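Participant: The residues making up each chain are set out below.
2 protein chains.
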Amino acid sequence: MKAIAVRPGAGSPEVVDQPVPEPAPGEALVRICRVGIDGTDYEVIEGSHGGVPDGDDRLILGHEAVGVVEDANGTALEHGQYVVPTVRRPPAGVETNDYFERGEPDMAPEGEYVERGIVGAHGFMAEYITSPYDCLVPISAELAPWGFLVEPISITEKAIEHARATRSAFDWRPESALVLGTGSLGLLTVAMFAETLDYERIYCLGRTDRPHPTIDIVERLGATYIDSRETPVSEIAGAYEPMDVVYEATGYAKHAFESIDALAPNGVAALLGVPTDWSFEVDGGRLHRDLVLHNKALVGSVNSNRRHFERAVDTLSSLPDWVLESVVTGVHGLEAVDRAFPEATARVAAAGRASTAASDDDTTIKTAVEFTGI
Amino acid sequence: MKAIAVRPGAGSPEVVDQPVPEPAPGEALVRICRVGIDGTDYEVIEGSHGGVPDGDDRLILGHEAVGVVEDANGTALEHGQYVVPTVRRPPAGVETNDYFERGEPDMAPEGEYVERGIVGAHGFMAEYITSPYDCLVPISAELAPWGFLVEPISITEKAIEHARATRSAFDWRPESALVLGTGSLGLLTVAMFAETLDYERIYCLGRTDRPHPTIDIVERLGATYIDSRETPVSEIAGAYEPMDVVYEATGYAKHAFESIDALAPNGVAALLGVPTDWSFEVDGGRLHRDLVLHNKALVGSVNSNRRHFERAVDTLSSLPDWVLESVVTGVHGLEAVDRAFPEATARVAAAGRASTAASDDDTTIKTAVEFTGI
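Chains as they are written, first to last, in UniProt numbering: chain S, 1 to 374; chain R, 1 to 374.
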């Protein structure tokens, strides 16, 4: 079968031939339909994040997948059921651990998990995968074409669950919410805030000139677009309003600290970005005092568990089609795999090893690879 | 009647004569027994925090009080009942607001409250006070001598409630806890961690040479003393162990940021200090990434509400007498009020206006003023 793999640091993925995997007892065989691509995939391609399984020299990519059960292999699943696989598995050679037994692999510390398609385990960009049946979350045939968005939505489900938990000791009534970032995760989160949560006023920070499709999506969702070049995060509270919720999806470290300034009293900032080391000056006294005197909270959040995937399926069903159609700017077959990875292709082109198919298309928001039509 | 007041910035408090207050309907008249003194009182005395009531030029101090009902004035209280008053009240001229109606004045933003003895309302350092009866929390006669510790303990009750809330979205099993600071609040928190919470391993950071009574208290409680001059907060995880809980009671802003380094995966730091502005460099990229990839949380906490006071009364009853006797290093009558405020007295002495009674006694931990014996 065909699969998309990378030698970390190689700069671009390649299509490879692999044997079709055999499901072990308790596993199902899944025929993959579509796999989404996000920033983490590019980090793995670059070699700045993740790693190959022990003993391998390349990694099959992909952690945002939707497929269909080809062989239930005696498990509780049924042939033909569409499913979305979760991402974390116990480390190689380990059957389970406390975190997996509690259904909370998203809370496992480093060394207690591998992540399919990211670190230590092959991913889902292949014609077939196997997976323990309880790591496969059912999704309806109707939603299946968008099923590769379940994983990114589940990331926000978890972050918002944790952010709300931080405010659960009192009667919290959030009205205003700010999303930092206009990538696909930021835009899906703006859509969730507008469509499934009760935030009355939603803002989204980007740094793109008008006109731009991301700004169109923000505004069509009824949210206010804020250009970070005109209004830095630290000035948003004064220029717009203090925010009950900040959702950081930029990976820009100053935003994590400036989000304290952006928060209203009793507000919470959920941090999701994964920056590299970067030292800079902060008014730490003021930020510390502000956190304390105004009961503010910061909460970091990574990964998600089955519960969040199930909630994400519900959320996906309540997002308008136009949002999904606008956010997903390309679904490409294996024959056009370079178009599915425009950033990698652009980098390769920039490095002088140009592929004629490459184009640095800055209107690309979210792409996916299609292995089988739905 | 006698009261202890300050003209903010004057540098030391003074004993003044005041008319005995008359309880309004719904208020009781309370004869004050003892009032504790903490860092906030010194900030008010210095003029760096708080403020007088509108139209006044001085503030009666005191927010950590215990007294006895002198005149229940038709309320549900009884004559002779020992009580501890809560601190926040609605702003002058305002009967209530949403936060007070919900019983959560501790979550009110600036402008929506005054604080007795701190900002905008006279405090409890007087022979008599009046208070709405529902702001008076009953305490037994047996505990009343220590009743002035209920307010500081309630501050920790709230902080811990909020810290636990941040971790309520998953199955959190904290074992290790680190208290930053060996002031009275830090020591009472170490005692709570040891006596009423389930932390298996407790650490307390100070910067005092041995032998010292604060270190003795820490160690007698079974906790490990860490000298910050030998082990900075950012190195505690490596030198001792990563902490599931960090409780910051130093007001030293770098500790707020270094607490991220001290935390274990899935840990939470509760911040309580109130520093002044101070800019310094942080590796913001590393701290941001660490918060995210390890699901860490920071939560600021200020003040407390009646529920926390009630819980603090329970906690107080379960702390060993030796802890209370060791933490409270002096209870002084009005005739020796300068001994109750050793830091103010020491500062005045240092400024060349020496009071012969002054001594900068570095074994002082917690003092109180006594108005009436119990």
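Please note that the accuracy of each hint is not assured.
Any copy, or any two copies together, can satisfy a pair, since identical chains are not distinguished.
[Said to hold, decoys possible] With a cut-off of at most 25 Å between alpha-carbon atoms, the simulated SDA-like pairs for lysine to any residue come out as follows:
no.	residue 1	residue 2
1	K254	A264
2	K2	G373
3	K254	R173
These are calculated hints, taken from the structure and not from any lab test.
Keep in mind it's a predicted model, so treat the numbers as computed, not measured.
Participant: What label fits K254 with A264 when the C-alpha limit is 25 Å: within, between, both, or neither?
Facilitator: Answer is both; intra-copy 18 Å and inter-copy 23 Å each pass.
Participant: Since the copies are identical, ignore which copy is meant and state whether K254 and R173 lie within 25 Å (CA to CA) inside a copy, between copies, both or neither.
Facilitator: Neither. Shortest intra-copy (27 Å) and inter-copy (31 Å) distances fail the 25 Å Cα cut-off.
Participant: Between copies, within a copy, both or neither: which fits K2 and G373 at Cα up to 25 Å?
Facilitator: within (15 Å within a copy, 86 Å between copies)
Hint 3 from the list above is the single one not met by this structure.
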